[in-house]
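Chains as they are written, first to last, in this note's numbering: chain A, 1 to 101; chain B, 1001 to 1136.
In case anyone wonders, no lab produced these hints; they're calculated from the structure. Hints may be right or wrong, so weigh each one.
[To be verified] Here are the simulated distance ranges between beta carbons:
| no. | chain 1 | residue 1 | chain 2 | residue 2 | range |
| --- | --- | --- | --- | --- | --- |
| 1 | B | Leu1035 | A | Glu98 | 50 to 56 Å |
| 2 | B | Glu1096 | A | Ala96 | 27 to 33 Å |
| 3 | A | Glu60 | B | Glu1096 | 18 to 24 Å |
| 4 | B | Arg1048 | A | Tyr31 | 38 to 44 Å |
| 5 | A | Gln71 | B | Pro1059 | 25 to 31 Å |
| 6 | A | Leu18 | B | Ala1046 | 38 to 44 Å |
| 7 | B | Gly1040 | A | Gln71 | 47 to 53 Å |
| 8 | B | Ala1044 | A | Gly12 | 49 to 55 Å |
| 9 | B | Val1066 | A | Arg8 | 33 to 39 Å |
The model shown is predicted, which means the values in this text are computed figures rather than measured ones. Positions of the beta carbon are idealized from the N, C-alpha and C atoms, including for glycine.
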Amino acid sequence: MAAGAEPRFAVGDRVRILDLGKPGHVRTPTYVRGRVGTIERFCGLFENPEERAYGREGRERIPLYRVHFEQRELWPGYAGDAHDTLEIEIYHHWLAPEETP
Amino acid sequence: MNDAHEHSHVHAHAPSDDDVALTEEEAKFIALKSLLIEKGLITADAIRARMEADACGTPHQGARMVAKAWSDANYKARLLSDAKSAAIELGIPVTEAALLALENTPRLHNLIVCTLCSCYPRSLLGEPRCASRARC
């Protein structure tokens, strides 16, 4: 395993989704960027689709997590059930501990 | 089909594929395929094998896994802990890297929202349904 590829977050950790402003084939939708969620599970190590999509060589496998959100925290004025949640898979370089500004 | 005959008569049948002009996408596909084969980058056999593998996927396979889980608690536990192995156990050759099964309960209803970028589990469920595509 490459250095830095070890899981950094544990189930239950509160994490903030970073807004890397990265163009191209990214898998982090804008509506979760800057939001705080909870690590639901570690999914495993996968090649980074942001590199793979462009056929780049020497791609390392990086940690992927499922992150759990409350829908009402993602959508202002959310009109659905107060218990509605969202789970989405996010690669580790888009994640930081909650206290990150 | 022989296109040489005059179309002065009325056809009793719907036009076959041969009667319809290629769409731009179909023409591009044929041109690209021909070039790749001509340059030796891929073989016609490899394309056919992939199309045959894709044709094996169908939503009925997913339904078979769910029905098995209803009647076999041990299988259900294996399905929820490792869905890919549970599919392979039923003879379904899943080729995707990973597969996750989620359980609906009286209090929790899962809605899977797939962006259809490239991660749809075609080897298990087949081609995505037309209605879930933006372009079709």
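The hints, checked one at a time:
Roughly 51 Å separates the CB atoms of B:Leu1035 and A:Glu98, a value that falls within the hinted 50 to 56 Å. In this structure, B:Glu1096 and A:Ala96 meet the distance hint of 27 to 33 Å, their C-beta atoms being roughly 29 Å apart. At about 20 Å, the CB distance of A:Glu60 to B:Glu1096 agrees with the hint of 18 to 24 Å. Our hint of 38 to 44 Å for B:Arg1048 and A:Tyr31 holds, since their Cβ atoms are close to 41 Å apart.
Taking 25 to 31 Å as the suggested C-beta distance range, the pair A:Gln71 and B:Pro1059 conforms, at roughly 27 Å. Hint check: A:Leu18 to B:Ala1046, Cβ distance near 40 Å, so the stated range 38 to 44 Å holds. B:Gly1040 and A:Gln71 have their C-beta atoms about 52 Å apart, which keeps the hinted 47 to 53 Å range intact. Take B:Ala1044 and A:Gly12: their Cβ atoms lie about 52 Å apart, and the range 49 to 55 Å holds.
In this structure the hint that B:Val1066 and A:Arg8 lie 33 to 39 Å apart at CB holds, the actual value being about 35 Å.
Comparing the model with each earlier hint shows no violations; every hint is respected.
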